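*Asks:* The listed protein sequences correspond, in order, to chains A and B. At position 251 of the first sequence (counting the first as 1) the number is 251 in the working numbering, and the numbers step up by one without a gap. At position 93 of the second sequence (counting the first as 1) the number is 93 in the working numbering, and the numbers step up by one without a gap.
These aren't lab readings, by the way, just hints derived from the structure by calculation. Treat each hint with caution, since some may be false.
[What the hints assert, rightly or not] Listed below are the simulated EDC-like cross-link pairs for lysine to aspartate or glutamate, each with C-alpha atoms no more than 20 Å apart in a straight line: (1) A/Lys224 <-> A/Asp93; (2) A/Lys201 <-> B/Glu60; (3) A/Lys224 <-> A/Glu95; (4) A/Lys196 <-> B/Glu201; (5) A/Lys201 <-> B/Glu9; (6) A/Lys196 <-> B/Glu36; (7) B/Lys191 <-> B/Glu201; (8) B/Lys12 <-> A/Asp206; (9) A/Lys290 <-> B/Glu9; (10) A/Lys187 <-> B/Glu36; (11) A/Lys158 <-> A/Glu212; (12) B/Lys13 <-> A/Asp206; (13) A/Lys200 <-> B/Glu60; (14) A/Lys260 <-> A/Glu236; (15) A/Lys265 <-> A/Asp234; (16) A/Lys200 <-> B/Glu9; (17) A/Lys196 <-> B/Asp84; (18) B/Lys41 <-> A/Asp93; (19) A/Lys196 <-> B/Glu60; (20) A/Lys196 <-> B/Glu9.
None of the values given here were measured: they were computed from a predicted structure.
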Amino acid sequence: MGDMIKGNEAIAEAAVRAGARLYAGYPITPSTEIMEYLSWRMPEIGGTFVQAESELAGINMVVGGAACGVRSFTASSGPGMSLKQEGITQLYDEELAAVVINVVRYGNGIGTLHTAQCDYLRETRGGGNGDYRTIVLCPESIQEAVDLTGLAFDLAEKYRTVATLMTEGALGQMMEPCELPEFKEVKRQPWGFDGKYSYKKVGIFDRDSMKEAVLLNEKHDLIKANEQRWEDGDIEDADYVFVAYGLPGRSTKGAVEQLKAQGHKVGFIRPIIAWPFPENAFAKVNPNVKGFITVEANATGQLVDDVALTVKKSMKSDIPVYCLPYVYGIPAMKAIQEDFVKIAAGEIKEVY
Amino acid sequence: MAKSKKIAEIAKKTSSFCPGCGHGVVIRLITECLEELGQDKNIIFGIGVGCSSLLGGVLETDRLHCLHGRAGAVCTSMKRVNPDNIVVAYQGDGDAYSIGLAETTSAAYRNEKFTAILVNNTNYGMTGGQMSNTTMPGQKTTTSPMGRDCAITGNPIKFPELVADQFNAAYVARGAVNTPANINKLKGYIKNALEAQINGEGYSVVEVLSPCPTNWGMSPLKAMERIENELIPYYPLGEFKTREVK
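The whole structure should be built from the sequences, with the hints applied where relevant.
*Replies:* Written out as structure tokens, the structure reads:
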């Protein structure tokens with residue numbers, strides 16, 4: 001077991017060890033410790049740190065670093081992530097590899113400081129213009145956040161795309177024991193700018209978007225086939241299957257254990273990567289399952305849409321899909337148990 | 001016999017600027033300077049949105065078409081991670097001084113060690129001639145149809161003066177492409193700016209007064225006269241901050 005470390009600092013150190021050498025960003029709670037940590041850590045290891053004048057500038061500095069083939073990343077939260085969307089769609093469009101970290105906080109507009117999962121739809125759908133997706137990794141613990149940070153850089157480069165580490169305010173702010181990974185050799189991508197015009201680009205007016213669309217779909221199909229990641233438990237004979245990710249996923253696992261101890265036949269699926277959505281997890285669910293239940297820290301229910309679509313796609317039957325949206329915070333195991341009893345009793349209606 | 005001048009190798013492709021536009025002259029000067037300084041195979045451009053983006057099809061160099069206004073931020077990191085490359089931000093006034101004022105000013109403020117060539121034609125060219133932050137008082141554009149009223153829009157911004165007066169930049173100048181003499185002077189400014197970068201002295205910027213006959217509704221010749229008679233008196237030419245000779 002490793003030393004105690006704060007979530008945001010663990011993520012920052014994991015990025016450094018994964019070979020990231022450019023960070024540019026703008027402070028926003030609850031992500032700021034990532035930036036503060038890197039303000040001294042990046043110079044210490046010969047990397048580049050820029051305190052940008054805005055989130056817009058920060059993500060565009062990531063564009064510049066990524067264009068030169070350097071492992072580049074930024075971090076933010078709710079309103080800051082909104083500003084970064086134009087840069088993220090640009091990164092995707094130019095097929096530049098980069099990592100974006102969203103330490104999610106609750107709310108619309110300027111939002112609040114509560115930990116939440118209300119950015120699920122934006123992160124999994126691509127929040128900027130055009131049609132694109134970023135690979136979205138969502139840890140349940142600081143150890144997993146560290147592991148997924150390294151993976152995020154690897155996947156971003158493997159597919160020349162953007163990988164989003166979608167974590168939560170509480171995970172960024174809490175401390176847990178954690179084993180940090182070994183330092184990776186710092187490598188530049190061979191397609192990065194070196195001033196010699198080795199890798200020729202076409203201009204905006206010379207592009208063939210019809211051909212690019214075909215390649216884009218091929219890339220997405222490849223990512224969907226290769227990168228589904230999840231954890232599951234007891235789903236083969238479950239009457240009800242919970243689906244939750246991140247810290248609510250962790251408390252859901254606890255609730256499932258307690259419900260099983262009470263004699264309920266329940267299981268869980270915890271997506272570790274939210275896009276591509278782990279459709280394959282649903283293949284081994286009990287075909288006679290009575291319902292799926294999402295546990296979410298948002299107001300309206302967002303994950304529930306993906307679960308319903310996946311049930312329709314892979315199970316080919318009209319299985320009810322319920323949603324327990326706890327708005328913000330980390331839902332208590334007791335609350336999940338009590339609401340499960342209401343679902344089983346027909347007191348909470350299905351969403352789909 | 002007249003001797004034809006060789007076009008820089010990295011700018012041999014045909015461009016699609018409007019007849020009488022000044023961009024072609026500016027690009028040729030930049031590429032000539034890069035070649036003469038032996039840096040034409042060591043160059044990365046951050047290209048702005050608008051007419052500047054037409055460079056994407058012209059230049060045989062590493063180049064990124066930056067989002068509207070953001071070239072100052074993009075070039076900041078390009079130069080920081082590739083300090084041995086020459087990095088040039090090439091933008092128009094709508095890009096650099098209106099939507100990108102924060103990124104442009106902040107890069108200058110931080111004294112980032114790249115070169116900005118900012119082409120000022122006093123309007124948004126590609127979108128059809130809207131008012132920008134450098135549109136002249138009284139100038140009619142598609143969004144100031146009665147003529148720019150500075151009482152409600154503010155005064156045209158003088159970015160080089162701001163940088164020279166307030167920031168610790170290495171080199172600041174303003175040139176124009178309206179006469180052969182001014183073009184020759186401008187080339188000297190661009191070369192000085194690039195040399196400042198080669199020597200790692202800090203931020204260097206050259207603003208260029210350039211004609212936009214299409215959106216000004218003038219013949220190319222009248223557009224050149226407008227630069228001389230109207231723009232230069234407001235936007236004086238010259239070097240505002242020169243390099244220290246070491």
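*Asks:* A separate judgement is required for each hint: does it hold in the structure or not?
*Replies:* A quick look at each hint next to the structure:
The straight-line distance between the Cα atoms of lysine 224 of chain A and aspartate 93 of chain A is roughly 19 Å, inside the 20 Å bound, and the hint therefore holds. In summary, the hint linking lysine 201 of chain A to glutamate 60 of chain B is supported, as the alpha carbons are separated by about 9 Å, within the 20 Å threshold. With a C-alpha separation of about 17 Å, the suggested pairing of lysine 224 of chain A with glutamate 95 of chain A holds against the 20 Å cut-off. Taken as a hint, the lysine 196 of chain A and glutamate 201 of chain B pair is broken in the structure, with Cα atoms around 23 Å apart against an allowance of 20 Å.
With a C-alpha separation of about 17 Å, the suggested pair lysine 201 of chain A and glutamate 9 of chain B falls inside the 20 Å cut-off, and the hint holds. With a C-alpha separation of about 16 Å, the suggested pairing of lysine 196 of chain A with glutamate 36 of chain B holds against the 20 Å cut-off. For the given pair, lysine 191 of chain B sits about 14 Å from glutamate 201 of chain B by alpha-carbon distance, which is consistent with the 20 Å threshold. Distance restraint check for lysine 12 of chain B and aspartate 206 of chain A: the Cα-Cα separation of roughly 17 Å lies within the 20 Å cut-off, and the hinted pair is therefore satisfied.
Taking the CA atoms of lysine 290 of chain A and glutamate 9 of chain B, the gap is about 70 Å. The hint is violated against a cut of 20 Å. Between lysine 187 of chain A and glutamate 36 of chain B, the direct Cα distance comes to roughly 33 Å. Violation of the 20 Å bound is thereby established for this hinted pair. In summary, the hint linking lysine 158 of chain A to glutamate 212 of chain A is supported, as the alpha carbons are separated by about 18 Å, within the 20 Å threshold. In summary, the hint linking lysine 13 of chain B to aspartate 206 of chain A is supported, as the alpha carbons are separated by about 13 Å, within the 20 Å threshold.
Distance hint between lysine 200 of chain A and glutamate 60 of chain B is fulfilled; the C-alpha atoms sit about 8 Å from each other, no more than 20 Å. Distance check on the hinted pair: lysine 260 of chain A and glutamate 236 of chain A sit about 14 Å apart at the alpha-carbon level, within 20 Å; holds. About 8 Å separates the Cα atoms of lysine 265 of chain A and aspartate 234 of chain A, which keeps this hinted pair within 20 Å; it holds. This hinted pair checks out: lysine 200 of chain A and glutamate 9 of chain B have alpha carbons roughly 15 Å apart, not beyond 20 Å.
Restraint check: the Cα-Cα separation between lysine 196 of chain A and aspartate 84 of chain B comes to about 12 Å, which is no more than 20 Å; the hinted pair holds. The hinted pair formed by lysine 41 of chain B and aspartate 93 of chain A fails the criterion: a straight-line CA distance of about 26 Å is larger than 20 Å. Straight-line distance between C-alpha atoms of lysine 196 of chain A and glutamate 60 of chain B comes to about 9 Å, which keeps the hinted pair within the 20 Å bound. In summary, the hint linking lysine 196 of chain A to glutamate 9 of chain B is supported, as the alpha carbons are separated by about 13 Å, within the 20 Å threshold.
The structure fails hints 4, 9, 10 and 18 (numbered hints given earlier, in ascending order).
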